[in-house]
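Starting from the structure of chain A, add chain B where the hints point.
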Amino acid sequence: MSALRDKYAIVGTGKSRLGHLGGVSALGLLAEAIKNALDEAGLTNKDVDGLVCRGPDDLYAHHQMMGARLGINAAFSTTLDNGGASQILAVILAVMAIDAGLATTVVCGFGRDSWSRTRVSQQAHMQNELVPGGQRPREHGIEFGHIGAVAAHGLGARRHMFEYGTTREDFAAVAMAFREHALRNPEAMMKTPLSLEDYMAARMIVDPFALYDCSLMSDGAGAVVVTSAERARALKASPVLIKGFATFNNTKGWHVDDHMITTSGEESAAGAYRMAGLGPRDVDTVQLYDCFTYMVLAQLEDYGFCKKGESGPFARSGALRMDGALPANTSGGQLSEAHVEGMLQIVEGARQLQGVYGPDRQVRDAEIALVSGHGGNYVRHSTLILGKA
Amino acid sequence: MGEYRKPVPIPSIESKPYWDGLREHRLLMQRCNACRRHWFPPSTQCPNCLSGDFGWTPMSGRGKVFCYVVYHRVYHPGFANEVPYTVALVELEEGPRMISNIIGIAPDRVACEMPVEVVYEDIEGVATLPKFTPAPRPQT
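So the protein sequences, as listed, match chains A and B. FYI, in the working numbering the residues of the first sequence are 1 to 389. FYI, in the working numbering the residues of the second sequence are 390 to 529.
Chain A with its partners taken away, still in its complex shape:
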């Protein structure tokens, strides 16, 4: 797989407006983000011949709807089904499609209107009502009131606390570092500082997770344009090289073996490091899939930034802060910027390497960025390692 290292690049990144927007659609927001990504690359819809995108789970043939909106006939297009791991998988698939000669320039994107949807009706406020009928759990959980992603990840967090003495103060260190980053990002939804007292005083959602352990409910979209490194040289934006990637899915299930505390990130990380010819010590910044504070801790261990069980002290040491050893989720992440299922993590990782930010928001001398994706019933994972061109 290392034959693909540095052969392909991200040549444009784009976001839509982010936040509690209201009156927007997931498709409309994604079109906005894709237009921004193409503009940055100096490309138009006429240059695009590939589309790998995703939206809310109840949208059928999403890529076809996007093609219609964007005026694109695609030599290669599809919609993925790996939850929060889909967005990096889209980039992986784009590289594979281009390498196979199926396409030359592929747009990858994800957009959602989760906040707007929950305002459509009170009923929709219930997390389970956001899930399309056919995908709703029917037995072995729902009858006990076991509903949604907060509790599912909370089970893992609890076991990690039991095995390693991880505490809610450790979770807080993640939430506080990312919030501090959001305050440097004018696009971020969260605008006020978060203290340990604020964190501890927040209402409990599903113990051990309180409000600030949970990612945001957002309307928003992100997109990137992928093409060959060779073609990238002729384009407007400074390209970001795709150095390594991998996926791993613990498809046996979240409840099986030790999957809740040693996630599929472990194998996905190993694959991506191998392809890139790099290891955790080479990484200058990480953009980890932060659906919940605990998942950041688990991934820090699974990616080898600290030993298993030591992520709590690692986070509390300040490592994840902009001036720390491993600046993490430098846009504020899904906990404090906006939750667009990992798409904005790819955008942020690429932009840090393009060096587009001012000094307060830029990771100094960033050469290598690692991005992760996690989701799809909590067991699917994807990793992307990007490098400065």
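Because the hints were derived from the structure by calculation, they are not lab data. Since the structure is predicted, the reported quantities are computational estimates derived from the model, not experimental observations. Take these hints with a grain of salt, some might be off.
Claimed, not checked - As a list, the in silico DSS-like pairs of lysine-lysine whose alpha-carbon atoms are at most 27 angstroms apart: (1) A:K7 / A:K35; (2) A:K252 / B:K520; (3) B:K453 / A:K252; (4) A:K35 / A:K236; (5) B:K395 / B:K520; (6) B:K405 / A:K252; (7) A:K308 / B:K453.
Stated by the list, open to error - Partial selection, computed: residues in chain B whose CB lies under 10 angstroms from chain A: (8) P396; (9) Y407; (10) W408; (11) F455; (12) V463; (13) A477; (14) C501.
C-beta: ideal position from N, C-alpha, C; glycine also.
Showing chain B alone in chain A's frame:
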């Protein structure tokens, strides 16, 4: 007792024997006749060796709390009067893990590795739910 307002389990073709067993207060799970392992949730082949030769076997009903969470938020109106309530991943002595409620103990007293045993909650006209309650520590 009024109308049952919590989500009603909808058995699949494959899980029907499990739910039928619960009605008789028996916790049945599949056991592979080839490799002798138990598994849950129900399916057509042993996930270990893919043998389709299995029997529905009664479990002891004893196990431990592998991990648990305490719901404070109401995600379904049927649980509005239940919060805070405990949902646990229970690991049965025979191996399989299953989601259930821990009842008969305050949520803040539940702990990982705590021994539990099954209790059957009959909901008339709906189903019997296998819930768990603290058990005496096993003799060592």
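Practice task
Starting from the hint list further up, note which numbers the structure goes against and sort them upward.
Solution key: none
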